[in-house]
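One-letter residues, chain by chain:
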Amino acid sequence: MTETIDQHQEGKRDVTFRVFRFNPQVDSKPYFDDYTISAERGITVLRSLNYIKEHVDATLSFRAFCQAGICGSCSMRVNGISKLACTSQVWEELDKCREPGIIKVEPLRSMPMIKDLIVDMDPLVDKMKRYANWIESTMPLDEMGKKEFLVSEEEFHRYDKATDCILCASCVSECSILRANKEYVSPAVLLKSYRMNVDSRDSIHDIRLAELVKDHGVWDCTHCYRCQESCVKSIPIMEAIHAIREDALECRGPKDTSGAKHAEAFMEDIEKKGKLVEATLPIRTNGMIWTLRNLLPMAMKMIVKRRTPPPPPLVKSAKGIKIFRAMFREMTEHVKQDHQKSHKK
Amino acid sequence: MKRYAYYLSCINESMTKELDRSIDFWQKDLGLEFVKLHEGTCCGGSNLDYVSPKHFALVNARNIALAEKMGLDLIVSCNTCLMTIRTAKKKLDETPALKQEVNDILKQEGLEYRGTSEVRHLLWVLVDDVGLESIKAKVTVPLKNYRIAPFYGCHILRPSTVLGRDNPLAPSSLDQLIEALGGQTIPYEHKNRCCGFHTLLVAEEESLNVAAEALEEAINAKADFIVTPCPLCHTVLDGYQSKALKQANIDSSIPVFHISEMVGLALGYTAKQLGIKRHIVC
Chain A
0 MTETIDQHQE
10 GKRDVTFRVF
20 RFNPQVDSKP
30 YFDDYTISAE
40 RGITVLRSLN
50 YIKEHVDATL
60 SFRAFCQAGI
70 CGSCSMRVNG
80 ISKLACTSQV
90 WEELDKCREP
100 GIIKVEPLRS
110 MPMIKDLIVD
120 MDPLVDKMKR
130 YANWIESTMP
140 LDEMGKKEFL
150 VSEEEFHRYD
160 KATDCILCAS
170 CVSECSILRA
180 NKEYVSPAVL
190 LKSYRMNVDS
200 RDSIHDIRLA
210 ELVKDHGVWD
220 CTHCYRCQES
230 CVKSIPIMEA
240 IHAIREDALE
250 CRGPKDTSGA
260 KHAEAFMEDI
270 EKKGKLVEAT
280 LPIRTNGMIW
290 TLRNLLPMAM
300 KMIVKRRTPP
310 PPPLVKSAKG
320 IKIFRAMFRE
330 MTEHVKQDHQ
340 KSHKK
Chain B
0 MKRYAYYLSC
10 INESMTKELD
20 RSIDFWQKDL
30 GLEFVKLHEG
40 TCCGGSNLDY
50 VSPKHFALVN
60 ARNIALAEKM
70 GLDLIVSCNT
80 CLMTIRTAKK
90 KLDETPALKQ
100 EVNDILKQEG
110 LEYRGTSEVR
120 HLLWVLVDDV
130 GLESIKAKVT
140 VPLKNYRIAP
150 FYGCHILRPS
160 TVLGRDNPLA
170 PSSLDQLIEA
180 LGGQTIPYEH
190 KNRCCGFHTL
200 LVAEEESLNV
210 AAEALEEAIN
220 AKADFIVTPC
230 PLCHTVLDGY
240 QSKALKQANI
250 DSSIPVFHIS
260 EMVGLALGYT
270 AKQLGIKRHI
280 VC
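Quick mapping for you: the protein sequence lines, in order, are chains A and B. The first sequence: position 245 = 244 (numbering that gives the first Met the number 0), numbered continuously. The second sequence: position 133 = 132 (numbering that gives the first Met the number 0), numbered continuously.
These are computed hints drawn from the structure, not numbers from a lab. Just so you know, these numbers come straight off a predicted model, no measurement behind them. Hints may contain errors.
What the hints assert, rightly or not - When the alpha-carbon atoms are kept at most 20 Å apart in a straight line, the in silico PhoX-like pairs for lysine-lysine are as follows:
1. B/Lys-68 - A/Lys-335
2. B/Lys-276 - A/Lys-300
3. A/Lys-160 - B/Lys-271
4. A/Lys-318 - B/Lys-68
5. A/Lys-272 - B/Lys-16
6. B/Lys-242 - A/Lys-318
7. A/Lys-318 - B/Lys-271
8. A/Lys-335 - B/Lys-98
9. A/Lys-318 - B/Lys-1
10. A/Lys-300 - B/Lys-16
11. A/Lys-300 - B/Lys-90
12. B/Lys-35 - A/Lys-272
13. B/Lys-271 - A/Lys-304
14. A/Lys-315 - B/Lys-35
15. A/Lys-321 - B/Lys-276
16. B/Lys-276 - A/Lys-304
17. A/Lys-300 - B/Lys-68
18. B/Lys-98 - B/Lys-53
19. B/Lys-53 - A/Lys-340
20. A/Lys-304 - B/Lys-90
21. A/Lys-272 - B/Lys-53
22. A/Lys-272 - A/Lys-315
23. B/Lys-242 - A/Lys-304
24. B/Lys-242 - A/Lys-300
25. A/Lys-271 - B/Lys-68
26. B/Lys-16 - A/Lys-315
Said to hold, decoys possible - The following residues of chain A were derived to be distant from chain B, with all beta-carbon distances above 10 Å:
27. Met-143
28. Arg-157
29. Val-231
30. Ile-288
For each residue, glycine too, the CB sits at the ideal point set by N, CA and C.
Just need the whole structure built from these sequences, with the hints factored in.
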């Protein structure tokens, strides 16, 4: 018994929480408050914040509800990374502190601040609405409730992981492009759009897809994988983003957006030369006028430094290109057959 | 001498030729021999995987199979090529039917993807195979007067299920290499952030904002230069630097080096030999 108490004692230490504070009604700018509390091993960041609110400073504001990693309310940045406070162990966070013993707690990024650790989720909800992220049923109204809507196991697996999303917005906070432009659709919204688009019960796939390929949509993702890495439910968000792109190319072709044209250029070049023809990539993506307007000054600098990509005729094909091309084309036949099979289904 | 198959990334054969050329100067000094894979093709640049997942598997199974035929690991010096080829490898290793389909086609060239060669980054070879102590012993011109900002880039870290070498939240391999060469790393928040390369032609303004943030932090921290293990990050941070900083109203500049150049400098080769003069920002 004594041993247990000793171990318990060893598992207790003073921890400082450096918490972001901002009340726009009173404060001209944000600041940090330090709260030092005695914390036990096993305590979470959320439990610590609750303790601070109850015993130290009742004005500290944050959102929380289930305390079990289910509701997604308590997402915030702990030591710089967006995550759920309720599933973040203080002891593990202590290993990640920039200043020893000080855990930094801040609100999510790229979302309007309301107070302290609370951010406004409305812009995210508005984007969910803009991209119609719900099921618009294919079943006529008069048949509803009269017959079953069967979903195959194979279909379910396509969106099983995507339905794990608890809308905590950690991915939104970590997104590189959203940080650069608030209009960007954002990873959580793309994930939800993917989930709806692959559901056979939904009737507005084409309308949703048409919205997704517009400016600030699916093609603006820069593949940084920060969303996926920060997902508290380990959802492969980039796979969903790539799947929307694959679907867009199949349903709409490469014509309507520069992102699609850019992606298709890789396929063309690899088949032709086994190598990317970088010199003409901007033209094939955005046309001659855009290229001249946007890249001419930089191209001049590159010419001076002899670092311009070679013009297409001077791009050497990969060694053994003939047999490579034959194999590439054989795979094209396989893909065609796959499509025929899936359409028959 | 440690032998490796060396993957030729498209960008290193066009815009960032100095990266591969500088490796040629010092590979023997560090007991390394890189056999260039002239038969290798473009990996798909993180695009082919959704344009056509099956072509993506075929192309990269072949890239790896070429190295396997020589019994060597495949070494890559572009982050995106690394992530792309490793993603394909994971898919092939986890999907026997796909592996079979691809191998049935590769037979024509006398190739077979078996999954026996590892796909690794040049940085990992330096830190893990050559080793920091051996590198230190070879340094003739320590970078001791330099404050260096390590910019890892995304695709050497994320997705960690595919990369797995460094902790994506607190990477250390590049910091260790800098220190082994005698340089001083600076605390750099943007070290594991994005350069914006993959949307340069699609969402240029956003990409340049992303790049400007990384450049600004290094400039404010008074770094002498940024070093990156990725030629795509280099292209944005060096080639697009003036445009990015102009957009962000920042009147300053900072040189950006490849890791191969930084190693070359510390081993006694000159900036001219290593091609550093070919950078847009010198």
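**Asked** Which hints, by number, does the structure contradict?
**Response** Of the numbered hints given earlier, those the structure breaks are 1, 3, 6, 7, 9, 11, 15, 17, 20 and 25, listed in rising order.
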